[in-house]
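Chemist: The primary structure of each chain is shown beneath.
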Amino acid sequence: MGKLYLELIRIRFLTMLAYRVNYYSGIIIYAINIGAYYFLWGAIYGGQQQLGGLTVEQMTAYVAIAWMSRAFYFNNIDMEIAQDVREGKVAIEMIRPYNYLSVKTAQAFGEGVFRLLFFAAPGIFLVSLLIPFRFPGTPEAWGLYLVSLMLAFVINTELNLLTGLFTFFLFRNDGMMRAKRVIVDLMSGLVLPISFFPGWAQTLMGWLPFQAINYYPSLIFTGAISPERAWELIGLQAAWIAVIFMPILILWRRARHKLVVQGG
Amino acid sequence: MQNARHIIGVFADYLGQYFKTRLAYRADFFGDLVSNLIYELINLVFIIVVFQHVPLLKDWTRDEIIFIYGFFLIPYALFSMFFSFWDFNERYIIRGEMDRILTRPLHNLAQVCLESMAPDRIFGVISGLIIMGYAAFKLDLSFHWYDPLVFVVLVIGGALIYAGVYTAIAAISFFSDSRTGIAPMIWNIQQYGRYPVDVYNKVIRFVLTYILPFAFVGVYPAAYFLRKETWYTYAAFTPVMGVIFFGIGLAVWNWGVRKYRGAGS
Numbered sequence: 001m002g003k004l005y006l007e008l009i010r011i012r013f014l015t016m017l018a019y020r021v022n023y024y025s026g027i028i029i030y031a032i033n034i035g036a037y038y039f040l041w042g043a044i045y046g047g048q049q050q051l052g053g054l055t056v057e058q059m060t061a062y063v064a065i066a067w068m069s070r071a072f073y074f075n076n077i078d079m080e081i082a083q084d085v086r087e088g089k090v091a092i093e094m095i096r097p098y099n100y101l102s103v104k105t106a107q108a109f110g111e112g113v114f115r116l117l118f119f120a121a122p123g124i125f126l127v128s129l130l131i132p133f134r135f136p137g138t139p140e141a142w143g144l145y146l147v148s149l150m151l152a153f154v155i156n157t158e159l160n161l162l163t164g165l166f167t168f169f170l171f172r173n174d175g176m177m178r179a180k181r182v183i184v185d186l187m188s189g190l191v192l193p194i195s196f197f198p199g200w201a202q203t204l205m206g207w208l209p210f211q212a213i214n215y216y217p218s219l220i221f222t223g224a225i226s227p228e229r230a231w232e233l234i235g236l237q238a239a240w241i242a243v244i245f246m247p248i249l250i251l252w253r254r255a256r257h258k259l260v261v262q263g264g
Numbered sequence: 001m002q003n004a005r006h007i008i009g010v011f012a013d014y015l016g017q018y019f020k021t022r023l024a025y026r027a028d029f030f031g032d033l034v035s036n037l038i039y040e041l042i043n044l045v046f047i048i049v050v051f052q053h054v055p056l057l058k059d060w061t062r063d064e065i066i067f068i069y070g071f072f073l074i075p076y077a078l079f080s081m082f083f084s085f086w087d088f089n090e091r092y093i094i095r096g097e098m099d100r101i102l103t104r105p106l107h108n109l110a111q112v113c114l115e116s117m118a119p120d121r122i123f124g125v126i127s128g129l130i131i132m133g134y135a136a137f138k139l140d141l142s143f144h145w146y147d148p149l150v151f152v153v154l155v156i157g158g159a160l161i162y163a164g165v166y167t168a169i170a171a172i173s174f175f176s177d178s179r180t181g182i183a184p185m186i187w188n189i190q191q192y193g194r195y196p197v198d199v200y201n202k203v204i205r206f207v208l209t210y211i212l213p214f215a216f217v218g219v220y221p222a223a224y225f226l227r228k229e230t231w232y233t234y235a236a237f238t239p240v241m242g243v244i245f246f247g248i249g250l251a252v253w254n255w256g257v258r259k260y261r262g263a264g265s
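Chains as they are written, first to last, in UniProt numbering: chain A, 1 to 264; chain B, 1 to 265.
There are no misleading hints in this set.
Some chain A residues near chain B, calculated using beta-carbon distances under 8 Å:
| # | residue |
| --- | --- |
| 1 | S25 |
| 2 | G26 |
| 3 | I29 |
| 4 | F39 |
| 5 | I44 |
| 6 | G46 |
| 7 | L170 |
| 8 | F171 |
| 9 | V182 |
| 10 | L192 |
| 11 | F197 |
Pulled a few chain B residues facing chain A out of the computed Cβ check, cut under 7 Å:
| # | residue |
| --- | --- |
| 12 | Y25 |
| 13 | I38 |
| 14 | I42 |
| 15 | F46 |
| 16 | V49 |
| 17 | V50 |
| 18 | H53 |
| 19 | V54 |
| 20 | L57 |
| 21 | M185 |
| 22 | Y200 |
Simulated from the structure, these hints should not be mistaken for lab results.
Note that the structure is a prediction, hence the values are computed from the model and not measured.
Even for Gly, the Cβ is constructed at its ideal location relative to N, Cα and C.
Construct the complete structure from the given sequences, taking the supplied hints into account.
Modeler: Set out below in structure tokens:
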């Protein structure tokens, strides 16, 4: 069984490799986004030394690492599930001898690994040449970041599975999936570090899983927190993974009974 | 003229069909509206949160930036109501739908626009107006009697710039039928137009003014209403740029259609 999923990861990895044009344009999109925020933050800081507890150098490093982390955890499996449901392919998927949701997760992972190796790693190297940037100093710090990034991937994938599963009940939910995507970008700390938000918003977001997707790993990477605190954050991530797993199980069980095959 | 009236008539028919198909999946229809609204609000959140920490961005105040953002939403909404063919390559070239388009009596670009229009984007215009109105109120802006007219002209100019750029990009599919990913790239670049161009360095400013003129869909025309006289000349050139870029887009499109050979099955 494990071998099957390993193979699925490998195939998605190779598929990504085959569509190279998409890959190049993806690099440029990330460069544009990091560039835009780089200038914008430069202007925002103006003469100021520190904002929201970060210096301008830490801020640009944060923006860069946040986007690179996103390259790994981001995937479109909710859209893929929606398409499978709409085109009726999901009926075939369900009679195959594997778990559909695990297959989707494995594919997402293949995609993530591809982007981490060919996209984020060279990207961050390039960024470190252009803007002042500090890598974690110890192997321990690297390890903490990678563990946290992996958990971030699982949380984001779980959220995608969840929104994807709603297609079984709503038939079309592109709007919801797009809304989820922008909410994740904002509340995960990609656009703005959480420490920039006013106090009440920080408290509110403390109760939501989104900052575990990007803010935690990025914080660990910048070395702004102690290893003990880092372990705490990783523990929180693990807790969120367990919590979000419940509704997925319930919805999946329901979805199999509720399935209406459209078109096909 | 006969032709234009014909297109408008067909447009009305398509509009009716559109609402029928959209309302068949009601939850998605409203989900779409909400997601667009959230997207617009999130950019607003960014501006508001950042200005809690700093008083000025270069020499622009918070409400000026909000005003620019509100204006920025309107030409884009207008454009995406009529030119929503983001999946042009997939839908028309790879699946061979373009062959059908060519047999239709309308001009082929008009036909494609009709089939993929998204009139619900009108809500983008409304939220843009609300955001602008709020900022204008806070800034205590005063308007001349002819300003609404100027506004309409500038908005149409901005929408034409989008239309020209994205029509040209869609036309690339006539030459190469593989997916290029250029459109999402340009979409990311256009987001630069939300902020004053003097924030960026010279190269980006040049690109946003002359090559991919997205400064003309946001900051330049908005500067007119904010009475920033240094940018008046640029604001005045908005409709000119619109006509030029739409002309280029249309020319590339027509050239592409002549080159088009169909893609397999």
